[in-house]
Amino acid sequence: AQSVTQLGSHVSVSEGALVLLRCNYSSSVPPYLFWYVQYPNQGLQLLLKYTTGATLVKGINGFEAEFKKSETSFHLTKPSAHMSDAAEYFCAVSSTLGRLYFGRGTQLTVWP
Amino acid sequence: GAVVSQHPSRVICKSGTSVKIECRSLDFQATTMFWYRQFPKQSLMLMATSNEGSKATYEQGVEKDKFLINHASLTLSTLTVTSAHPEDSSFYICSATLKPGDQPQHFGDGTRLSIL
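Keeping their order, the protein sequence lines are chains A and B.
Mapping of the first sequence onto the numbering used here: position 18 corresponds to residue 1, and the numbering continues sequentially without gaps.
Converting from the second sequence to the numbering used here requires adding 16 to each position, the first position being numbered 1.
Hints were generated in silico from the structure; no laboratory data involved.
Virtual Cβ for every residue (Gly too), placed ideally from N, Cα, C.
Check each hint, because a few of them may be wrong.
[Stated by the list, open to error] One-sided excerpt, in silico: chain A residues whose CB lies under 7 Å from chain B:
#	residue
1	13
2	23
3	25
4	27
5	31
6	33
7	50
8	51
9	52
10	77
11	81
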């Protein structure tokens, strides 16, 4: 079975500060892992994904995430936050059938 | 990139009416489409998985007769909320993939449904 835990439903950072959004997963098979961003009243936009290969994955808008199997983690980071990064972020793991299991989401607030 | 269009983006209607939401893959043929429901400040909950030409597979607790899903073509899936009531008010989002198990899923922009 697959599941995702996002630690911290709200994260606040100052503009220019490091962004760290935490995600831990549980999977009975080698996982495919994803980070999505959602702006108000919109669908989900894929930030990055891990399937196989390099464990440090770079995505759009300067975000990256590192797959750590020993820690069952896939934390999302960005070196310097921008006001436009304020949004809801979802971590997800997929099953072999393609179904996505989402975490509860983390609301990122960026202060000027 | 792959584009999924969802229509309407917002609908407000009276209790008891039926509402149809369309999900279209604009530049690829989607064998599989997913329908999600999202309550305010919460995550997405999968309602059902639809494969073109076959019956949808509903998640436990989702009423099949309440939420009718049709996936008659490779570019269109519809979700009809029948006899909608205020508790059906929510944000509904679809996603599509080229084939079963394919990743990533491509999401529509969602439909905000408000039942008065």
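Hints, verified against the model:
The interface hint given for residue 13/A is broken, as the beta carbon of that residue sits about 13 Å from the closest beta carbon of chain B, more than 7 Å. At its closest, the beta carbon of residue 23/A sits 10 Å from a beta carbon of chain B; the interface hint therefore is violated under the 7 Å criterion. Taken as an interface hint, residue 25/A checks out: its beta carbon lies about 5 Å from the nearest beta carbon of chain B, inside 7 Å. With a least beta-carbon distance of about 4 Å to chain B, the hint placing residue 27/A at the interface is held under the 7 Å criterion.
With 7 Å as the threshold, the beta carbon of residue 31/A stays out of range of chain B, its nearest partner Cβ sitting at about 10 Å, so the hint is violated. Interface restraint check for residue 33/A: the shortest CB-CB distance to chain B comes to about 10 Å, outside 7 Å, so the restraint is violated. Look at residue 50/A: its Cβ only gets to about 15 Å from chain B, farther than 7 Å, so that hint breaks. A least Cβ separation of about 20 Å between residue 51/A and chain B goes past the 7 Å threshold, and the interface hint is therefore violated.
Residue-level restraint check for residue 52/A is violated (minimum Cβ-Cβ distance to chain B is 18 Å; threshold 7 Å). Against a cut-off of 7 Å between C-beta atoms, the interface hint on residue 77/A holds, since the closest Cβ of chain B lies about 6 Å away. Given the 7 Å rule on beta carbons, the hint for residue 81/A holds: about 4 Å separates it from the nearest Cβ of chain B.
Going down the numbered hints, you'll see the structure goes against 1, 2, 5, 6, 7, 8, 9, while the others check out.
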